[in-house]
Amino acid sequence: MFLAKVFTFPKTGVLDPQGSAIKATVSNIGFKDIQDIQTGKYYEVRINACDVAKAKEIMKELCEKVLVNPVVEDYKFEIMEV
Amino acid sequence: MNCAVIQFAGSGGDGDCYHVCKNILGQPVEYIFHKETFAAQDFDLIILPGGASHGDYLRPGALAARSKVIKSVIDAANAGKYILGIGNGFQILLEAGLLPGTMLINKDLKFYSEDIFVRVENNATPFTNLYKNGEVIRLTVACKYGNYYADKKTMEQLKTQNKIVLTYCDINGNAAEASNPLGSMENIAAIANQEGNILGLMPHPERCAEEILGNTDGIRMFQSILQYVEGGKIHDCSRRS
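Just so you know, the sequences run in chain order A and B. Read in order, the letters of the first sequence correspond to residues 1 to 82 in the numbering used here. Read in order, the letters of the second sequence correspond to residues 1 to 241 in the numbering used here.
Hints may be right or wrong, so weigh each one.
For lysine-lysine, the following DSS-like pairs were computed, each having C-alpha atoms within a straight-line distance of at most 27 angstroms [unchecked claim]: (1) A/LYS65 with B/LYS153; (2) B/LYS132 with A/LYS11; (3) A/LYS23 with A/LYS54; (4) B/LYS110 with B/LYS132; (5) B/LYS159 with A/LYS41; (6) B/LYS107 with A/LYS23; (7) B/LYS110 with A/LYS23; (8) A/LYS23 with B/LYS144; (9) A/LYS65 with A/LYS11.
Partner residues aside, some chain B positions facing chain A, computed with beta carbon under 8 angstroms [as the list claims (entries may be wrong)]: (10) GLY55; (11) ARG66; (12) LEU98; (13) THR102; (14) LEU104; (15) LYS107; (16) LEU109; (17) TYR149; (18) LYS153.
The set of hints was computed from the structure by calculation and includes no laboratory data. In this text, a Cβ means the ideal position worked out from N, Cα and C, and glycines have one as well.
Sequences and hints are given; from them, build the entire structure.
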């Protein structure tokens with residue numbers, strides 16, 4: 001069994017209104033060193049696969065077909081055996 | 001005109017669309033559940049209604065776009081049938097790849113439920129032929145993800161191919177920023193596919209379709225489709241307009 005930790009987040013240049021709203025609020029309450037905040041989503045996926053290469057292949061397909069909207073989102077994931 | 005209204009888990013506008021087809025247009029209409037399939041030849045118009053299908057989980061329209069019935073919707077689209085996606089139905093069409101682009105969260109993160117004005121940019125479509133080009137009509141929006149976004153190339157194509165069908169405007173038809181509270185690119189409220197038989201729009205024409213509701217501007221969209229179908233104007237998908 002493998003565990004994949006997946007992050008999806010807006011592509012560079014795509015508006016992230018939630019990130020902007022959070023950034024504005026943290027600036028208002030005094031976090032002067034915060035340059036930028038980008039929001040995203042986090043998923044944990046458990047996969048039955050014979051090896052890590054196969055698990056990666058399944059995850060890539062899952063991300064591209066379902067988890068990610070390629071028009072506006074990028075993604076990355078890490079896989080570990082559990 | 002044989003109409004179908006697709007029901008997803010959480011659809012909210014299905015009853016209104018059914019009512020408009022049956023009682024206002026006087027046409028036969030059936031509900032189709034998202035776990036079912038249908039034959040393209042059985043229907044002329046397929047409506048994907050509004051409402052947060054599947055709880056808007058993952059992304060609005062994302063799970064509905066991967067449900068069983070969508071394969072039938074795609075077959076019907078390829079057969080030249082008319083597909084109308086309203087609100088969340090528009091988001092489903094985007095997620096299913098039947099229309100280009102996507103919806104972001106509204107620019108100020110608010111859910112908007114209010115009347116808005118839209119300008120008819122293209123009346124040479126099966127969905128808008130009873131409106132005049134440049135006409136300003138009043139419809140209603142109810143959405144949190146109505147901020148249309150497309151990459152530069154897609155936007156150029158939409159413009160050059162005249163596939164932007166409705167845009168948000170003020171009462172005089174001007175595309176002022178204040179008249180586009182959702183933040184939609186180019187004030188886009190509705191787009192059509194290249195072949196012209198699929199329309200996605202964020203406002204709800206079915207909620208503005210009879211006197212008792214105080215607004216009948218939306219009914220002409222349904223009447224346009226009816227006129228097209230009853231007039232025997234079978235859509236030719238092989239000819240790219």
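Cross-check of the supplied hints:
no. : hint                   : in the structure
1   : A/LYS65 with B/LYS153  : 22 angstroms, holds
2   : B/LYS132 with A/LYS11  : 39 angstroms, violated
3   : A/LYS23 with A/LYS54   : 39 angstroms, violated
4   : B/LYS110 with B/LYS132 : 32 angstroms, violated
5   : B/LYS159 with A/LYS41  : 33 angstroms, violated
6   : B/LYS107 with A/LYS23  : 15 angstroms, holds
7   : B/LYS110 with A/LYS23  : 17 angstroms, holds
8   : A/LYS23 with B/LYS144  : 20 angstroms, holds
9   : A/LYS65 with A/LYS11   : 17 angstroms, holds
10  : GLY55                  : 15 angstroms, violated
11  : ARG66                  : 7 angstroms, holds
12  : LEU98                  : 14 angstroms, violated
13  : THR102                 : 4 angstroms, holds
14  : LEU104                 : 6 angstroms, holds
15  : LYS107                 : 6 angstroms, holds
16  : LEU109                 : 6 angstroms, holds
17  : TYR149                 : 6 angstroms, holds
18  : LYS153                 : 12 angstroms, violated
When the structure is compared with the earlier hints, violations turn up for hints 2, 3, 4, 5, 10, 12, 18 and for no others.
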